[in-house]
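Keeping their order, the protein sequence lines are chains A and B. If you want this note's numbering, it's the 1-based position in the first sequence plus 12. If you want this note's numbering, it's the 1-based position in the second sequence plus 8.
Be careful, since some hints might not be right.
[As the list claims (entries may be wrong)] Below are the DSS-like pairs computed for lysine-lysine, each with C-alpha atoms no more than 27 angstroms apart in a straight line: (1) Lys97/A to Lys184/B; (2) Lys113/A to Lys184/B; (3) Lys105/A to Lys136/B; (4) Lys131/A to Lys136/B.
[Stated by the list, open to error] Over the 12 angstroms line for every Cβ pair with chain B, so calculated as not near, a few chain A residues: (5) Ala60; (6) Ala68; (7) Val73; (8) Ser88; (9) Asn91; (10) Ala93; (11) Lys113; (12) Leu127; (13) Lys133; (14) Ala137.
[To be verified] Here are the computed distance ranges between Cβ atoms for each label pair: (15) Gly85/A to Thr139/B: 50 to 60 angstroms; (16) Lys105/A to Thr139/B: 20 to 30 angstroms; (17) Thr135/A to Ser42/B: 47 to 57 angstroms; (18) Asp75/B to Thr135/A: 51 to 61 angstroms.
Keep in mind the hints are simulated off the structure, nothing from the lab. For every residue, glycine included, the Cβ atom is placed at its ideal position computed from N, Cα and C.
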Amino acid sequence: MKKIVISKFSAVLVAAAIILMGGMTVSASAETANDNYNLYCVQCHGSAGTGKGINAPFLAVAPRNHTDPKAMGELSDANVALAIKEGGSAVGKSTQMPSWKHSLTDAEIKDIVALLRQKCKCTGAAK
Amino acid sequence: MIKRGITVFALALLLAVPSAFAADGAAIVKKCGSCHKLTGPAAKTIKEVRERKAPDLFYAGSKFNKDWLVGYIQNPTVIRPAGTVYANHIKTTGDTDTVVTPPKCESKLSAGDAAAAADYLMTLKDPKMKTGVAKLGEFSNAKAKMLIIKTEACNGCHQIQGNGGVSCPTWEGIGKRLNPDWVYSFVQNPEYWDPKIWMGKRDLDEASVQLIVNFIAAQK
Numbered sequence: 013m014k015k016i017v018i019s020k021f022s023a024v025l026v027a028a029a030i031i032l033m034g035g036m037t038v039s040a041s042a043e044t045a046n047d048n049y050n051l052y053c054v055q056c057h058g059s060a061g062t063g064k065g066i067n068a069p070f071l072a073v074a075p076r077n078h079t080d081p082k083a084m085g086e087l088s089d090a091n092v093a094l095a096i097k098e099g100g101s102a103v104g105k106s107t108q109m110p111s112w113k114h115s116l117t118d119a120e121i122k123d124i125v126a127l128l129r130q131k132c133k134c135t136g137a138a139k
Numbered sequence: 009m010i011k012r013g014i015t016v017f018a019l020a021l022l023l024a025v026p027s028a029f030a031a032d033g034a035a036i037v038k039k040c041g042s043c044h045k046l047t048g049p050a051a052k053t054i055k056e057v058r059e060r061k062a063p064d065l066f067y068a069g070s071k072f073n074k075d076w077l078v079g080y081i082q083n084p085t086v087i088r089p090a091g092t093v094y095a096n097h098i099k100t101t102g103d104t105d106t107v108v109t110p111p112k113c114e115s116k117l118s119a120g121d122a123a124a125a126a127d128y129l130m131t132l133k134d135p136k137m138k139t140g141v142a143k144l145g146e147f148s149n150a151k152a153k154m155l156i157i158k159t160e161a162c163n164g165c166h167q168i169q170g171n172g173g174v175s176c177p178t179w180e181g182i183g184k185r186l187n188p189d190w191v192y193s194f195v196q197n198p199e200y201w202d203p204k205i206w207m208g209k210r211d212l213d214e215a216s217v218q219l220i221v222n223f224i225a226a227q228k
């Protein structure tokens, strides 16, 4: 009888942990990096990430080519995250890159930085 | 006596006809629901946004100027060069994106139906939106352009005075289209109206918001 009670209690604990972990995953990053990139970034940086989005011809400064390993490799992950969060002016670049801090969570920005590393096939410079 | 009766009947009929055939704005607008969202809330996920066919209308009475609405729904024009959701209307050739011509609103209402539809749309308001907040008056066009073009780069996504990006609505005629109080609210907090809008919220001071609102209101 005691064993059955303990095993039921354990099952409840495991179920609660699964629910909590699931909830944490959702709240940490509600949207995937790809979905966020395709909605917020592609308009300027383009579907291929080469900086040739539909708005690019109208910008005074060409959007960053996310597939360029040399240029992207010179930037640290923290620098890229700061540019996304606070905008281009925060990293000494164009004000045409806006701040996305009200649209994206820190976790989503971190996921986008990881996605950009896949696009450039490069690692970030040391801070 | 019979003649008099007929005359009275005819007069009564004439008076009754306009109301009997008056357009039902709500019924007309209901048809727009196949593309436009007529009840809130706004899309909260990117998936929902990508499914959007046309702009939300459930706060049309807060957003639009009625006179513009009456004209537009008789003869819609393209406001969003890359469609309602630009991401759904791009084609990639090599490494370059171009706009695929988006579908155009086919609505072409008569003047009477358009007036009735606009009357109904103007009842769809967000009660939380503050009114009387846009302070229109004299403003410096040079200062406005400095803020809008150089600092905030609104022209990166919006066509402004014939030049600019295409992922967001054109500012051509925007002063006729939008209620300045709604512009005031949207510029301060676009995500209040559209949680997944691809326009980053700016942290602007009151003077800057008013400058933008005035510049927009002047684009007739």
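Discussion item. For each hint given before, does the structure comply? Return the numbers of the non-compliant ones in rising order.
Written reply: Numbers 1, 2, 3, 4, 5, 6, 7, 11, 16, in rising order.
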